Amino acid sequence: MVSPVPSEHLQKLTSKEAFQQFQKSAIDRWTRMWDGDDTVISVGVGSSSIAKGALEVLDTVREIAGPNTVVREVSGNGAFWMEPWIEVKRPGQFPVVYGPVSQSDIAGVIDGSRDDLAVGVRGDQPVGNIRPLNEHHFFKDQVQLLTRNAGVIEPDSIEDAIARGAYQGYFKVLFEMSQEEAIAEVTTAEVRGRGGGGFPAGIKWESGRKAKAEPKFVVCNSHEGEPNVYKDRHLHEADPHRILEGILIACIAVGAERGYNYIGGEYPLGIKRFRKAVADAERLGLIGKNVLGSGKNVAFRVRTGGGAYVCGEASALMYSIMGVRGQPRTKPPRSVEEGIWKRPTVANNTETLANVPDIIVNGGEWYANIGTEKSKGTKLMTMQGPSKLHGVVEVEMGMTMRQLLNDIYGGMRDGYELKGIQTGGVSAGPITEAEFDLPIDFDSLKDVNGMLGSGGWVLFDQNVCAVDFARYMTAFSRYESCSKCVPCRLGNPALVEILDRIRFGRGSLEDLGLIKRTSKHIIELSLCGLGQVAPVPLVDMLDKFEDEFRAHIVDGVCPSGTCPISAREESLTAAD
Amino acid sequence: MHQPDQSHAVRPVPSPYTGRQEIDLDVVREMMSHFTYDDHDEAQELILSALQEVNEHFGWVSPEAAEIVAEALGTTPSRVFAILTFYADFRTAPRGHHHLLICHGMSCYVMGSQKLVQTLRDEYGIADGETTPDENLSVHVVNGCLGVCDRSPVVKIDDHYAGHVTPESLTELLNRALAGREAMSVSEESNG
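Protein chains in written order, with the working numbering: chain A, 20 to 595; chain Y, 222 to 413.
Don't take every hint at face value.
[What the hints assert, rightly or not] Reference listing, derived: stretches of chain Y covered by chain A, where coverage requires no fewer than 3 residues with Cβ under 8 Å from a Cβ of chain A: (1) 248-261; (2) 329-340; (3) 370-380.
[Stated by the list, open to error] Below 27 Å or equal to it, Euclidean Cα-Cα: the simulated BS3-like pairs (lysine-lysine) are: (4) Lys43/A to Lys377/Y; (5) Lys407/A to Lys336/Y; (6) Lys336/Y to Lys377/Y.
[Stated by the list, open to error] Per label pair, the in silico range of CB-to-CB distance: (7) Arg250/Y to Arg525/A: 39 to 49 Å; (8) Gln242/Y to Pro287/A: 15 to 25 Å; (9) Gln122/A to Arg250/Y: 50 to 60 Å; (10) Glu200/A to Glu243/Y: 57 to 67 Å; (11) Lys361/A to Pro298/Y: 48 to 58 Å; (12) Asp562/A to Glu285/Y: 33 to 43 Å; (13) Glu27/A to Thr387/Y: 44 to 54 Å; (14) Thr387/Y to Arg536/A: 32 to 42 Å; (15) Glu27/A to Gly401/Y: 32 to 42 Å; (16) Pro284/Y to Asp160/A: 49 to 59 Å; (17) Glu27/A to Ala314/Y: 53 to 63 Å; (18) Glu243/Y to Ser44/A: 43 to 53 Å; (19) Asp566/A to Thr387/Y: 26 to 36 Å; (20) Thr387/Y to Asp134/A: 31 to 41 Å.
Hints are computed from structural coordinates only; laboratory data are not their basis. It should be emphasised that the depicted structure is a prediction, and the values quoted were computed from it without experimental measurement. Backbone N, C-alpha and C fix where the C-beta goes; we use that ideal spot for every residue, glycine too.
Hey, can you work out the whole structure from these sequences and the hints?
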């Protein structure tokens, strides 16, 4: 048998040796599947490919698959442009990936008559005329650590994950390392918070471990509310066990009784796959009392959010878990002293925790060699807007924006003229082409008012008006303000009002000063991170594209032709 | 007695939302019977999840359903309503027979989703969270990202995604959808 054991048949493992045995048989099965005489067909199913019909493709594959064929539902591999894709491994060959395919192509792909649809070989050697996928420019410069299982394992199979190395780091902290040693590896690795803050995870863990009160908790922040990021969704859909393992390691290292994963409600498939991962880990005895006979206990809970951006802020997130409105509170006390149910709580971003298993297995030194001096490791990134290709990629810290855009994403789509790239979601400003040679890491972009943030870049072209774009981002913050404190609650609507005045051709030059003053108030007086950065995109847009603002006010034209001022129709009003 | 934490066990997934629905309170009670807890703290942690399940199943949460949730988890209806009115995913009025999501993430904005919001307002007279008077169409402008950015701007009507949408193709798509009461499925001929 090469199919994974169905979940309900998973047996609880009660000792170190039992786990090693399970691991061995999982690897055996994995090797037999790829080296055996069966044809293995995998279909990449993720939220982006489902929108393009991946589930129908999967159904068709199941219908027409012949005998001696294994059909697998894997996740997307980040390359949106080749979705929906299927991968066919014929006996004695490397797997070949085909895409985009439609239902009617599938029979031909399987019988080998449609090699024109092949994208590449998943392996080092060509198959016939088909080149390895890693030679494609989208994959060539990627360094896939966190995403190396994406599109490879079945995310619903704990056996697949274990065959590919899952829970080895967890095993190590359970049996071979002290809490201090585990934290020391994370500190040596200098892994910094991937949610945008960039705070070193090792230091946070150490304060968590030292906190006096009991019980303690660890919470993974998977609330990805930015309007331009879907890297955590991709991780949840592709490799949920990696995230779970990271959280469990953190629990053991800081001595937490329970781990939480707080997942935004935006990605139902990711939630479903993650819940399945937790249920399977529980069946195997990786969560619970006396894990694998180590004497250590750890519990786990999955909690989901309801579409409030502010819940990405740690204190708001914890209130949301506790079943109230997610409104941030003043600090101190920091959450590591008083978090969920007033207990010490260590909160890390999903991507940060997903780095942890490899750090524990390979050591902090290994990790510290990847990336730049101050920003270690890799970063998941997404590029949106009119680029040639789209998708989630993982690159080493320090790559320049020019390389990312031109080499990986293939540059601008034909017919679009580059204007800039919005950085840091709605928390920072745009950068223009002159700044594209700066390395992408936590610190370099700050000098030009950009921000790494969560790694979502939005490409915008000459058809996008700076005033209108600034209004879009300010309106986002207005909508997402939790309304607790006044500067944010009233300041953001005021900014939108001023911007609308300019968009409709009724602005005055004094409005530019008013924007700066109002923004200063919001930035300096707001309680939480959302308010403190809400006007930043606007201020930076004004800084970089002041000419455009002036053109609206002085000349009465919108250079991009987007704003209602160009239509000269008084009947037009703001759409939201 | 200590009971094992069942809160994240895989529960039967509620049937996906289709069309306009009245809320069957017996179904809500049945859903709530799956939410077990050890203490009051855990019960509070379950309020959001419970509301999500109801919202996902029926497309909205009525005051009566909110009361059942409150009672099952040992809290007050006002606490439940405080949550319903804070988080954007929850609706407190039924959806139309057809439900349209307009992705208003940054990628879709850059590629022109603002025009779609405008079209909807001009031609159907509805904005985010509203339903047409004939109860045929409701709309949710997603202040986040549907994650299908290579096809932006993207909309989703019922279960059907459409990409590279223009005001003209949106009108055409809506006319097609509104002509029938059947929810549109994923595999409808795509114009993207």
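Okay, the hints, checked on the actual structure:
| no. | hint | in the structure |
| --- | --- | --- |
| 1 | 248-261 | violated (count 0) |
| 2 | 329-340 | holds (count 6) |
| 3 | 370-380 | holds (count 6) |
| 4 | Lys43/A to Lys377/Y | violated, 45 Å |
| 5 | Lys407/A to Lys336/Y | holds, 23 Å |
| 6 | Lys336/Y to Lys377/Y | holds, 16 Å |
| 7 | Arg250/Y to Arg525/A: 39 to 49 Å | violated, 55 Å |
| 8 | Gln242/Y to Pro287/A: 15 to 25 Å | holds, 18 Å |
| 9 | Gln122/A to Arg250/Y: 50 to 60 Å | violated, 41 Å |
| 10 | Glu200/A to Glu243/Y: 57 to 67 Å | holds, 59 Å |
| 11 | Lys361/A to Pro298/Y: 48 to 58 Å | violated, 26 Å |
| 12 | Asp562/A to Glu285/Y: 33 to 43 Å | violated, 53 Å |
| 13 | Glu27/A to Thr387/Y: 44 to 54 Å | holds, 49 Å |
| 14 | Thr387/Y to Arg536/A: 32 to 42 Å | holds, 39 Å |
| 15 | Glu27/A to Gly401/Y: 32 to 42 Å | holds, 40 Å |
| 16 | Pro284/Y to Asp160/A: 49 to 59 Å | holds, 55 Å |
| 17 | Glu27/A to Ala314/Y: 53 to 63 Å | violated, 40 Å |
| 18 | Glu243/Y to Ser44/A: 43 to 53 Å | holds, 51 Å |
| 19 | Asp566/A to Thr387/Y: 26 to 36 Å | holds, 29 Å |
| 20 | Thr387/Y to Asp134/A: 31 to 41 Å | holds, 35 Å |
Hints 1, 4, 7, 9, 11, 12 and 17 from the list above are not met by this structure, while the remaining hints are.
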